[in-house]
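If you want the building blocks of each chain, they are given just below.
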Amino acid sequence: MSLVFLARENLPAWIGRLYQDMAVFAPMTINGVAAFRALGQDEIPDLSRIPASSPKAAVFPQTETLFTFTSRKHADDLSQVDIDLSYHLAEVPRVILGARPCDARGLKLMDPVFGGKVKDPYYLARRERTIIVSQACAMPDRACFCPGTGGGPYDPAGSDLLLLPVADGWLAQGLTEAGEKLLAQDLFTPAGDREPEAQSLKDKAEAYLAQAPDMRGAEQAFENLFKDEAFWDQATAGCVRCRICAYLCPACTCFNITDEESGLKGERIRTWDHCMSYMFTQEASGHNPRMQKAFRMRNRIGHKFCYYPQLHGGTVSCTGCGRCVRACPSGIDIRRIVESMKRKGA
Amino acid sequence: MSTIDLLREAIRAKLPDLDMVLAWGGDDPLRASPLFIRTESDLENLAAPHLYVSNLAVNLYSLRSKKIGLVVKGCDSRSVIQLLKEGLIARPSLYIFGLPCEGVVDAAKINREIPDAGRATGLAVRSGRVMVQTPENEHILDLDAVLADRCLRCRYPNPLIYDQLIGEAIPVGEIPDLYQDLDEFEALSLDARHDFWMETMRRCVRCYACRNACPLCVCKAHCVADSREPHWLTLETNVSQKWFFQVLHSMHLAGRCTECGECERACPMGLPILLMRRKLNREIRELFGYEAGLDLMTTPPLSTFSIEEENIAEREL
Amino acid sequence: MSVVDGKEPSVKELRIIGFLCNWCSYGGADTAGVSRFSQPTDLRIIRVPCSGRVTPLFVVKALMSGADGVLVSGCHPRDCHYSEGNLYARRRLEVLKRFLPTLGIEPERFEYIWVSASEGERWQTSVTAFTERIHALGPSPAVKVNRYDARLVAGGL
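Residue numbers (this note's numbering), protein chains in the order written: chain A, 1 to 346; chain B, 1 to 317; chain C, 1 to 157.
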């Protein structure tokens with residue numbers, strides 16, 4: 001497919017045009033931390049840093065209303081109550097701009113969870129209206145390990161449009177019809193002979209990541225170590241049980257459903273859940289089969305590197321984005337856990 | 001011998017008497033991680049002292065049934081004192097290696113200063129400068145520009161409680177904490193302060209890292225923020241819930257917080273949430289002349305009272 | 001504010017929450033009522049066993065849930081029926097009062113006072129003064145927060 005060039009100074013104008021037709025989710029840098037958010041008018045994203053958060057909230061919001069309910073008491077008989085329900089599915093088209101290839105793959109990993117045997121209408125309504133414009137990673141950092149999960153810094157999988165960085169802008173590569181459509185603009189010019197420049201950055205990025213450990217094929221090792229309490233205790237010794245790893249993860253999908261009521265009105269909401277939380281898998285009796293943090297972390301690792309791949313042809317539920325590694329307050333590194341698991345459980 | 005060698009030898013000597021020793025290690029050039037030393041071979045992973053950012057006291061409460069060795073900087077020692085004072089941990093099951101500290105570097109600040117800090121391969125501190133090596137560049141920064149905020153106003157570089165001091169105590173002059181950051185914030189209009197918290201809480205992801213990294217947040221599974229009954233907070237991640245949680249966390253730390261700054265360091269979004277805790281600390285200092293974590297004998301001011309309060313005027317309407 | 005003296009309410013009623021201790025202030029409010037002292041009706045009273053029961057978070061939660069003002073009232077110092085509950089309360093509530101402006105909330109929205117069971121008149125004066133003060137401040141800080149949240153929800157689609 002042919003490449004076109006977008007100059008860095010034309011990015012705001014392009015975003016301005018996209019903004020007229022759709023919601024734009026892109027990373028904004030505040031206080032040195034880039035995080036995805038729905039841009040306001042004239043907000044200019046920062047595509048230079050690896051965003052601290054993943055863009056999954058654009059299709060799977062941290063909080064979403066499944067429906068609202070209102071109780072109506074009968075005036076003549078107050079014991080009689082009718083309940084009105086209402087819900088709505090997303091209608092507004094959206095574009096995720098500045099996703100990284102690992103983020104695009106994250107959405108691909110979520111698709112079979114929400115759109116497989118059981119179809120989730122809320123997720124699918126958003127997903128079908130979402131265009132993904134990824135920026136290839138010319139500068140991966142030491143927390144990155146996408147090649148070890150089957151991806152790569154320039155992996156086009158899951159993206160509609162891929163922006164390849166060059167010194168003064170990007171070469172844009174349309175990958176789907178929806179992505180191509182976004183290029184039909186006078187802001188893009190022919191790429192000319194810029195391709196080798198992009199290619200050399202790509203080669204450098206891939207070389208930088210050549211040492212990434214292979215996170216695949218750990219299913220058996222995990223099962224062998226399932227009962228090894230000492231192993232999991234050691235792996236989680238420093239964990240403070242916060243939720244950073246799951247909330248920043250582009251592939252984590254666990255959620256909670258609760259009713260939040262006030263007076264006669266309320267909402268049934270779906271919110272992100274997290275395996276390190278005390279309430280995770282707590283049963284109605286109060287018993288929790290995963291009481292210790294070691295068992296919760298085991299579930300986290302098992303889900304990503306054993307159960308998910310067993311169901312989905314060996315694909316791990318991790319894209320190597322490195323966000324959990326970068327942000328963990330205790331410096332827990334998922335690569336080290338999987339590596340030692342493979343070594344010990346072989 | 002260098003500090004790290006002194007520390008290694010001290011731990012090696014005590015290790016047989018202890019279940020484990022908590023120190024700092026790992027291979028990240030910008031920050032060390034908690035290192036749980038169980039065997040002598042673990043000692044090989046000790047990191048350099050200017051990377052000892054985290055406060056290891058956070059682990060003490062959950063390990064209270066074990067015999068623990070703990071390395072503390074001056075600031076960390078105040079958390080240990082506070083935990084002991086509140087009866088949350090017991091002194092006999094603790095062996096404390098006190099480490100006089102010249103300040104630790106803040107990886108978040110380095111990341112702000114250097115675009116390729118994430119690719120760093122090495123970091124060295126020499127005579128007030130920090131050298132950060134990346135595959136493409138060598139960056140030189142002023143140490144003061146990348147020291148953690150709490151180090152810039154540190155009044156207790158030497159541990160206030162220990163069984164063994166590693167190296168020599170650092171001479172300290174009188175450094176008052178002037179709360180300049182707070183003064184600047186409070187000079188804003190009321191609306192501007194309100195808006196600041198709205199925009200700040202908008203970025204919060206409600207991951208509770210601030211709570212869980214706090215050495216004095218010991219309610220763990222019983223935190224009211226996680227409780228459905230009573231229903232203090234809903235699970236919505238809107239600003240109103242997240243803001244209320246920050247107020248809740250701050251209020252529960254009033255008169256207990258030692259300003260170790262772990263809440264802010266742990267925050268993946270870089271939110272300036274220590275400000276709230278500092279505000280409460282300043283008021284507590286003015287009202288009751290009290291600072292947390294300095295001694296074992298005094299009672300935290302909100303756990304006691306005076307019949308005649310010197311600094312609280314009777315309120316009338 | 002509306003006043004229970006038969007006149008038409010002149011201003012829209014606000015929501016003011018009063019946490020009153022069972023032994024003194026609730027009795028004081030009762031005395032005011034029995035004595036037929038006219039009072040504004042904006043205050044919704046929650047009776048608590050002791051002002052020492054009132055965690056500062058009750059106050060913050062009320063303000064963030066849409067209360068326009070919060071008044072805590074207990075026994076005078078030295079008169080607590082549990083000896084010392086109000087003395088603990090005084091420290092906590094004073095700290096809270098000084099904390100509110102840093103959050104961007106007017107500290108005047110919150111007040112704590114001491115009213116004994118016999119001080120019906122003092123109760124009347126206090127509650128009237130507090131209600132007038134809240135009316136001067138306008139609607140609750142929660143309104144602004146909720147408006148901000150609504151914008152974000154709409155933006156998050």
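Note that these hints are calculated values from the structure, not bench results.
Fair warning: there could be bad hints in the mix.
[Stated by the list, open to error] Once the Cα atoms are required to be at most 25 Å apart in a straight line, the calculated DMTMM-like pairs of lysine to aspartate or glutamate come out as:
| no. | chain 1 | residue 1 | chain 2 | residue 2 |
| --- | --- | --- | --- | --- |
| 1 | B | Lys66 | B | Glu86 |
| 2 | A | Lys293 | A | Asp273 |
| 3 | B | Lys220 | A | Asp333 |
| 4 | B | Lys66 | A | Asp228 |
| 5 | A | Lys265 | C | Glu94 |
| 6 | C | Lys144 | A | Asp42 |
Computed from a predicted structure; not experimentally measured.
A quick look at each hint next to the structure:
1. Distance restraint check for Lys66/B and Glu86/B: the Cα-Cα separation of roughly 18 Å lies within the 25 Å cut-off, and the hinted pair is therefore satisfied.
2. Pair hint Lys293/A plus Asp273/A holds up; C-alpha atoms about 15 Å apart against a cutoff of 25 Å.
3. Simply put, Lys220/B and Asp333/A have alpha-carbon atoms about 23 Å apart, close enough for the 25 Å limit, and the pair holds.
4. Distance check on the hinted pair: Lys66/B and Asp228/A sit about 21 Å apart at the alpha-carbon level, within 25 Å; holds.
5. For a cut-off of 25 Å, the pair hint linking Lys265/A to Glu94/C is broken: about 36 Å separates their Cα positions.
6. Restraint check for Lys144/C and Asp42/A: satisfied, since their Cα atoms lie roughly 23 Å apart, inside the 25 Å limit.
In this structure, only the earlier hint numbered 5 is contradicted, and the remaining ones agree with it.
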